[in-house]
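There are 2 protein chains.
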Amino acid sequence: MSITSLRSAGAAAAALCALALPALADPLPSWNDTAAEAAIIAFVERVTDPASGDYVPEADRIAVFDNDGTLWAEQPAYFQLLFALDVLKSRAEADPSILSSDVLKAAAAGDMAGMMAGGEAGLLEILDISHSGVSPEEFMATARDWLSTATHPGTGMPFTAMTYQPMLELLRYLRDEGFATYIVSGGGIDFIRSFAEEAYGIPPWQVVGSEGNTSYSAEGGTPLITKDGGVTFIDDKEGKPVGIMRHIGQRPIFAAGNSDGDFQMLEWTTAGEGPRFGMIVHHTDGAREFAYDRESSIGRLDRGLDEAEARGWLVVDMAQDWSRVWAGGE
Amino acid sequence: MSITSLRSAGAAAAALCALALPALADPLPSWNDTAAEAAIIAFVERVTDPASGDYVPEADRIAVFDNDGTLWAEQPAYFQLLFALDVLKSRAEADPSILSSDVLKAAAAGDMAGMMAGGEAGLLEILDISHSGVSPEEFMATARDWLSTATHPGTGMPFTAMTYQPMLELLRYLRDEGFATYIVSGGGIDFIRSFAEEAYGIPPWQVVGSEGNTSYSAEGGTPLITKDGGVTFIDDKEGKPVGIMRHIGQRPIFAAGNSDGDFQMLEWTTAGEGPRFGMIVHHTDGAREFAYDRESSIGRLDRGLDEAEARGWLVVDMAQDWSRVWAGGE
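So the protein sequences, as listed, match chains A and B. Numbered according to the working numbering, the first sequence spans residues 1 to 330. Numbered according to the working numbering, the second sequence spans residues 1001 to 1330.
These aren't lab readings, by the way, just hints derived from the structure by calculation. In this text the structure is predicted, and so the values were computed from the model without any measurement. It is possible that part of the hints are untrue.
[Unchecked claim] With a Cα cut of at most 25 Å, we get these calculated DMTMM-like pairs of lysine to aspartate or glutamate: (1) A:K237 <-> B:E1211; (2) B:K1237 <-> A:D228; (3) A:K89 <-> A:E137; (4) A:K237 <-> B:E1137; (5) A:K237 <-> B:E1138; (6) B:K1237 <-> A:E211.
[To be verified] Covered stretches of chain B (in silico footprint by chain A; criterion: 3 or more residues with CB under 8 Å from a CB of chain A, positions within the stretch not fixed): (7) 1193-1204; (8) 1207-1218; (9) 1222-1229; (10) 1242-1249; (11) 1305-1317.
Every residue gets a Cβ at the ideal spot worked out from N, C-alpha and C, and that includes glycine.
Construct the complete structure from the given sequences, taking the supplied hints into account.
In structure tokens form, the structure reads like this:
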């Protein structure tokens, strides 16, 4: 090959590369042109620029996201609880004897007050009966079926349409910039895995969540893993850093949440050395979504609001910072 | 750019590609030209050829490997136990009062019989005292220090030199063919993470292992995760499919082990639909490595040998199938 043709090859490669890169395209089109968007982009540019003193190698670009209230909505109740109630009702129709307690009877009858009277133990009872006795694969198939037909009681939208378009763009932007994006949720790991890949582009092994007992048996000739009920790990509050260390084995450099259940995850992430980013989604938009913070029983955000500024965490104001809310609508 | 220069560019690119691809190179040079090597390559070619009826998309190409006795040696004792004993001795020199039981005293004195008299509970006591009271990061740094200086009592080699060269080639080959390679070990997750990336090219989040209690605290202002001791999850036998499902969330298509502790992992992996591969490393080479199977207290392989043929699992005969054993020597 001649020097001339090698030069031509170089020129052709450069031309092709230029065509492939949509220079100046906005990576976050559903974010308004506010300080929040600018802070995110400035951070990503700092840690991905090899010439920057804050450059972070790809292997260390780990970003963690809470799910409920951060990637999709969580009002008027966690969607997983709505799922559990529907499963309970449908099982009870086939076999009313499973309603063996007042809490379960109230739940199956749609009596929310009677259901809440059982407190946390009552909720765990409902989750248990709807989440056990099947393999994780069967459970995920059931959850997928439900998500494909059930609709939100307030908006009438499918639940996966109530993921936040700006957050989907943020996940994609970070991955395009060499980040690994994980979900770290107080919700059940199998429930989230049932839709995370399709909804967020996050595969099962990048989901960290609360976990129940499972067991393995090959009795009868067919090896089976079964969800046995109970809770072995609660991935919330202090549990989030613990779950991250167990599953990922490394401290993230970017963490996003929306409630005080995410406080420790943000605290631990941003206490590491080098460039770190903590972000809180603040539910300020009662018109397009739901407005709640310090007084909410679901997704309460109180300490996080008090301390975000001093800790250097970005508080995203949904009403101000997002031009669009739902992935499934305008 | 002219058509001519575009053609030149194409030719140059083709020439560069031809240079970059070592066509017909043996992906497993330390495997002899036996049926074992042929079976592995035939499987990989079947599942990666889009024209094959057994084609498996990249996202589903998950391969799991036991560690002790499968990726590195495990005789005369698990290397993690040798590490624990060294840590115990060095801590006891600084503070003899930590030797609070007969088992710990025997262990620190190198009295193996006295140490084994404590049974499994005694071994857990030794692991506990040497594996707790520090953060996972500190623990991993200690393990790395030890691995960089300690040597094997029999061979005099550093422990990471006693990884198996044929298995390193297999890991690399699978990754080159789009597989994700995980370790699924009965050993402690943090101990394995301390060297898996350097030794095997396997990052922390692709290590599944036994787990102890950890807790998070930010008291005193600095957020810390601490290894509290105890065992919360044993990733052995029936625990291996459970650990895989928890960490990976998906059934692998390829599993490799060497002892009956891996039986359920192979059983569950190969019971899935579509193409599956189960592989047992059989320690037949007393001259170059160690020869043991049905009667060994460490890495006992009995049921696996009985059932491998009927289950279609490949039994690798180290003496026959490997031209080289150690990564760190000939």
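Hint check results:
| no. | hint | result |
| --- | --- | --- |
| 1 | A:K237 <-> B:E1211 | holds (20 Å) |
| 2 | B:K1237 <-> A:D228 | holds (18 Å) |
| 3 | A:K89 <-> A:E137 | holds (21 Å) |
| 4 | A:K237 <-> B:E1137 | holds (21 Å) |
| 5 | A:K237 <-> B:E1138 | holds (23 Å) |
| 6 | B:K1237 <-> A:E211 | holds (20 Å) |
| 7 | 1193-1204 | holds (count 3) |
| 8 | 1207-1218 | holds (count 7) |
| 9 | 1222-1229 | holds (count 3) |
| 10 | 1242-1249 | holds (count 6) |
| 11 | 1305-1317 | violated (count 0) |
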